[in-house]
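With the hints as your guide, set chains V and C onto chain X.
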Amino acid sequence: MSTNTLPTKPKNLFPVWLSVVLALLWLIIWDLGVDFKDLLYGIEDMTEYFSRYGTPNFSNISSYLYLMVQTLVTAFWGTTLAFIIAAVVAPYAARPLTPNAVAYRVARELLNFMRAMPDLLLALIFVSSMGLGPLPGVLALSVHTAGFLGKFFAENMERVPAGKYEALSAVGAGFTQKIVFAAWPSMLREAVGNTLYIFDRNVRMAAVLGLVGAGGIGLELHDALRLFKYNQASALIIIILITIVVIDNLSSWIRKVLN
Amino acid sequence: MAYISLREVCKVYPNGYCALKNINLDIEAGQFIAVLGPSGAGKSTLLRAMNALDPATQGEITIDGVTLNKKNYRKIRAHVGMVFQQFNLVDRLNVMTNVLVGRLAEHSWLSSLFYLFPKMDYQIAEAALREVDLLDKAWSRADKLSGGQQQRVGIARALAQQPKLILADEPIASLDPKASEEVLKLLRKICSEKGITIIINLHQVEYAKQYADRIIALNAGWLVFDGSPEQLTAAKQAEIYGTTYEETSHEPELVLAHT
Amino acid sequence: MNPSWYWPTPNGKPPLTAVLSVVLPIAVLVLTASTVDMSTNKVFYALPRMLDFTQHLWVMPDWHYLPQLGKKMLETVEMTLLATALAVMISMPLGILAAKNASPNPWIFRMTRDLLSFIRALPELVWALVFVSALGLGPLPGIMALALVTVGFMGKFIAESIEVVDFKAIEGLESTGCTKFQSILYAMLPQAVPDFIGSLLYILDHNLRAASILGLVGAGGIGYDMVMSMRLFNYERIGMIALSIYALVTLLDRLSDVFRQKAIGGILNVH
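Protein chains in written order, with the numbering used here: chain X, 1 to 259; chain V, 260 to 518; chain C, 519 to 789.
These are calculated hints, taken from the structure and not from any lab test. Because the structure is a prediction, the values reported are computed rather than measured. Please note: incorrect hints may appear among the correct ones.
[Claimed, not checked] Under the rule of at most 30 Å between Cα atoms (straight-line distance), these lysine-lysine pairs were calculated in the DSS-like manner:
id	chain 1	residue 1	chain 2	residue 2
1	V	Lys378	V	Lys423
2	C	Lys686	X	Lys9
3	V	Lys378	V	Lys437
4	V	Lys378	C	Lys531
5	X	Lys256	C	Lys618
6	C	Lys780	X	Lys11
7	V	Lys495	V	Lys448
8	V	Lys403	V	Lys437
9	V	Lys396	X	Lys256
10	V	Lys403	X	Lys256
11	X	Lys256	C	Lys589
12	V	Lys448	V	Lys468
13	X	Lys256	C	Lys560
Chain X extracted, bound-state conformation:
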């Protein structure tokens, strides 16, 4: 029998949470000592600064384009290697598939470790071991993004309805067979989306890693800025910009097609 009176309204904690967050933000602003007024003063400086980029100098465009391609290729290599590493490790990090608890813990921690290391730090370490050039960038990206991709894949595998894995257990299938016949076919679409997303991210990171000497167009940009060659820097930034926008749109389009 239901009651005749309205049950009391559950306490709405939202305003409490909101005030806590706002208080926290205020505290942070105080502690950091940032003054947003600096922004206003800064706008004049910024406009003057941006005007220096006004006339891009494309005279070295063929070498710039080559560097951009090198950056793209670095991202591609990094993503492919990351995919391979992730595909191998991820099943061990997925609860329904992992052969035993130890393997699961080890795989999960491994992926976490690879993700947590900033790619820049990895790039710095690889550069000091291998010298300048795109190769350290490739390796840094592979290791770092393998962690991300591995976690995505593992989560996708865990989201597959348990029944599919059970059916394979019931026919006597082994670890690899469960991965091949239940996990991958069921998560293929998400996996491709994840990989495209990571490639997208890697193109940006590859450009940035150049700033520490890991090859590509980032290195050129860093040099140009250091020598105050703003016109060349702006040409480089424009090339980076256009490439990233193109890649973004391409991967969105591919994802739309897949759906």
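Just chains V and C, lined up with the frame of chain X:
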């Protein structure tokens, strides 16, 4: 020596819940056995203990002379087929591949990695599809089929294992009456023609009486009935399902709705 | 004893898309190997150097560095939180403007969408470079750079969530005669909340990592210390820095897992 024998089988879950209490059963080869009982009685647990998807915590289960223990699960499962309420097909793969999954226990991970199967497997799969009358749909994606058709693919997958025993865990619970009858007729035919032992969980007492050679009933983990369909009187039914004698004697259809 | 093996397709051969998706990437990799100096030699010879490097890491940490490390890490965290909060506030209205079905007119829709695309396109570090040159060193340029890029992503995400919202709920509201703004508030936003939480947590994670690098160009946080200690081969500090970043990122990860369970489970009740 019976084909399947269960001795003092108990199943206690980690949280303390006891799903099967001291089950003793002997099953001859080639029988068609229906398992009845209210929800939560342990019907699924019983079946899943037999192919070790949810291994029993106590007691002994022996199939064809081999006692189940941790080391031989995969070997036993190779020749025990299972049909699921949710079909558990892999949606993205075609019907043929879903049926071929039944052959996986015979092959190593290397060939499975590439989705390769030997010619003989295709012949076995074809025969299985012919048996369930779905040859024309062999290359369709599994998710494009109706519920009844998908369940028949599930049965074909079990047949592809060339099993001596098929466990059907509420195979018609998700199907409409017409598809249900098709599936039941199919299972009955497989049992009679090929001598495969079939153990099937059902909610509908009428179907059990119509198709089974022997009926087993569980209630709260206990075995409360084991006999021929004729011996299952309305009074006995009332005991099993906990309804009163009058309710069951007038409206046999009412005992269907215990979900 | 060599039976022929086939693929489960009508003609026994693997499907074209499968073949292409394996062959094409391999072809690209092979063709471009030289562009990235990919040589097994180089990697091989680098291994002992890397091993050497990790050996050096196993030294006593520089305890004197601890207070500064703590300060810089705290700064990194604060930058992340502030920048993300700012970005969320700015991207809500922008996201609405950038959603086809919620935007007041098609011009505004297109312009906002393109603006968001533009600010997203450059990596945070490049924006940080720009802001440092205009505002000087310190955390403020880093916060602005992070916030800007986050607005780019959040804005797009919010716009997309609004665009895929279930139209039945909206029809229900519009039939009562409410304004477009009201229908946005009561029908669209609540439906987009669970995905929003998910992406917010993800962005926090991403921003924390980004914030830890911005110091490279002087935009605050632990990045500067990180690069300097590498350049000076200051092994004690590198180990400490790497460890604290690792610990922080992992902590955030666990916290967001917990929060995700609770929030999507429905504790988040707005009304």
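Going down the list of hints, with the structure as the test:
Between Lys378 (chain V) and Lys423 (chain V) the alpha-carbon distance is near 23 Å, which keeps this suggested pair within the 30 Å criterion. Taking the CA atoms of Lys686 (chain C) and Lys9 (chain X), the gap is near 27 Å; set against the 30 Å cutoff, the hint holds. At roughly 35 Å between alpha-carbon atoms, Lys378 (chain V) and Lys437 (chain V) are farther apart than 30 Å, so this suggested pair is violated. Taken as a hint, the Lys378 (chain V) and Lys531 (chain C) pair is honoured in the structure, with Cα atoms around 13 Å apart against an allowance of 30 Å.
For the given pair, Lys256 (chain X) sits about 17 Å from Lys618 (chain C) by alpha-carbon distance, which is consistent with the 30 Å threshold. A threshold of 30 Å between alpha carbons decides the hint, and for Lys780 (chain C) with Lys11 (chain X) the separation of about 16 Å falls inside it, so the pair holds. A threshold of 30 Å between alpha carbons decides the hint, and for Lys495 (chain V) with Lys448 (chain V) the separation of about 28 Å falls inside it, so the pair holds. Of the pairs offered as hints, the one joining Lys403 (chain V) and Lys437 (chain V) holds, with about 19 Å between alpha carbons and a cut-off of 30 Å not exceeded.
Using a Cα cut-off of 30 Å, the hinted pair Lys396 (chain V) and Lys256 (chain X) holds, with the two alpha carbons roughly 29 Å apart. For the hint pairing Lys403 (chain V) with Lys256 (chain X), the CA-to-CA distance comes to about 22 Å; that is within 30 Å, so the pair holds. This hinted pair does not check out: Lys256 (chain X) and Lys589 (chain C) have alpha carbons roughly 45 Å apart, beyond 30 Å. With a C-alpha separation of about 16 Å, the suggested pair Lys448 (chain V) and Lys468 (chain V) falls inside the 30 Å cut-off, and the hint holds.
At most 30 Å may separate the alpha-carbon atoms for a hinted pair to count; Lys256 (chain X) and Lys560 (chain C) exceed this at roughly 40 Å.
Going down the numbered hints, you'll see the structure goes against 3, 11, 13, while the others check out.
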